[in-house]
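Residue numbers (the working numbering), protein chains in the order written: chain A, 22 to 136; chain B, 66 to 176.
Everything labelled a hint here was simulated from the structure, so no lab data went into it.
Here the structure is a predicted model, which means the values were calculated and not measured.
Careful, some of the hints might be misleading.
[As the list claims (entries may be wrong)] Just the calculated beta-carbon pair ranges, DEER-fashion:
#1 A:Thr134 x B:Asp67: 27 to 37 Å
#2 A:Glu106 x B:Ala82: 30 to 40 Å
#3 B:Glu81 x A:Pro76: 24 to 34 Å
#4 A:Gly80 x B:Thr135: 24 to 34 Å
#5 B:Lys133 x A:Asp39: 26 to 36 Å
#6 B:Asp119 x A:Leu117: 22 to 32 Å
#7 B:Glu81 x A:Arg102: 45 to 55 Å
#8 A:Gly93 x B:Asp120: 27 to 37 Å
#9 A:Gly37 x B:Arg132: 22 to 32 Å
[Said to hold, decoys possible] Simulated coverage check for chain A against chain B, where a stretch passes if three residues somewhere in it have a Cβ under 8 Å from a Cβ of chain B:
#10 64-73
#11 124-135
Idealized CB from N, CA, C, for every residue including glycine.
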Amino acid sequence: GAGVSQSPSNKVTEKGKDVELRCDPISGHTALYWYRQSLGQGLEFLIYFQGNSAPDKSGLPSDRFSAERTGGSVSTLTIQRTQQEDSAVYLCASSLRDRGAYGYTFGSGTRLTVV
Amino acid sequence: GDSVTQMEGPVTLSEEAFLTINCTYTATGYPSLFWYVQYPGEGLQLLLKATKADDKGSNKGFEATYRKETTSFHLEKGSVQVSDSAVYFCALTQAGTALIFGKGTTLSVSS
């Protein structure tokens, strides 16, 4: 596609429920990244994909968080048993090269609210 | 580990004022440096970048120079406009790491 597409744009869920967030990167971008943006906390790296594999998962905050990527394209970030502290904007980005100096293209994000 | 520190906001300016947003970094190697901008209700956009020491990145009247000796990448604009109101993020990356961001600086420009 023309840009990085994320869905849903907004998600309200009850504490303890599971949620899935989707990212559709720019066609041909082999690298894909998930970040979390919380108020006053800047952008926190979660996970990085190169193709379908995830060489760096170091930012996932707990084992309730997981992500996968299929066909070298769409990625899904899953949060199990959501907690209120999971409330944030989840951003996806893609780039042509592996963490290169080319910059990333970001989606508009999914705003997750856990009530 | 690598990190980015940028000045706390918010920064409030009148239209046509001079803007500086300070950014310093800590890195073991030779990172590439970036400024991203997030306009209200929009996603993050790459504003400018510099990949080696003494490089100057520029875009839309903004510029920043990669200063290795002071480990800085300060963002400047000579005359801000209301439309520049946004959150600005300084970031770095180098081989083996994802983009590392500062906490962001909110700029508010009034007419």
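Hints, one by one, checked against the model:
1. Between Thr134 (chain A) and Asp67 (chain B) the CB atoms are about 31 Å apart, so this pair conforms to the stated range of 27 to 37 Å.
2. For the pair Glu106 (chain A) and Ala82 (chain B), the beta carbons lie near 38 Å from each other, so the given range of 30 to 40 Å is met.
3. At roughly 47 Å, the beta carbons of Glu81 (chain B) and Pro76 (chain A) sit outside the given window of 24 to 34 Å.
4. Against the hinted window of 24 to 34 Å, the Cβ-Cβ separation of Gly80 (chain A) and Thr135 (chain B) comes to about 29 Å, which satisfies the hint.
5. The beta-carbon spacing between Lys133 (chain B) and Asp39 (chain A), approximately 46 Å, falls outside the hinted interval of 26 to 36 Å.
6. The supplied range of 22 to 32 Å is met by Asp119 (chain B) and Leu117 (chain A), whose beta-carbon atoms lie about 26 Å from each other.
7. Distance hint for Glu81 (chain B) and Arg102 (chain A): a CB-CB separation of about 52 Å, consistent with the stated range 45 to 55 Å.
8. Distance hint check for Gly93 (chain A) and Asp120 (chain B): the Cβ-Cβ separation is about 32 Å, which falls inside the suggested range of 27 to 37 Å.
9. As the Cβ distance of Gly37 (chain A) to Arg132 (chain B) is approximately 49 Å, the hint placing it in 22 to 32 Å is violated.
10. Coverage of the region 64-73 of chain A by chain B holds. Counting CB-CB distances below 8 Å, 3 residues qualify, and the rule asks for three or more.
11. Figure legend: the region 124-135 of chain A, annotated as covered by chain B; annotation consistent (7 residues with Cβ-Cβ distances under 8 Å, at least 3 required).
Taken one by one, the earlier hints fail for this structure at numbers 3, 5 and 9, listed in ascending order.
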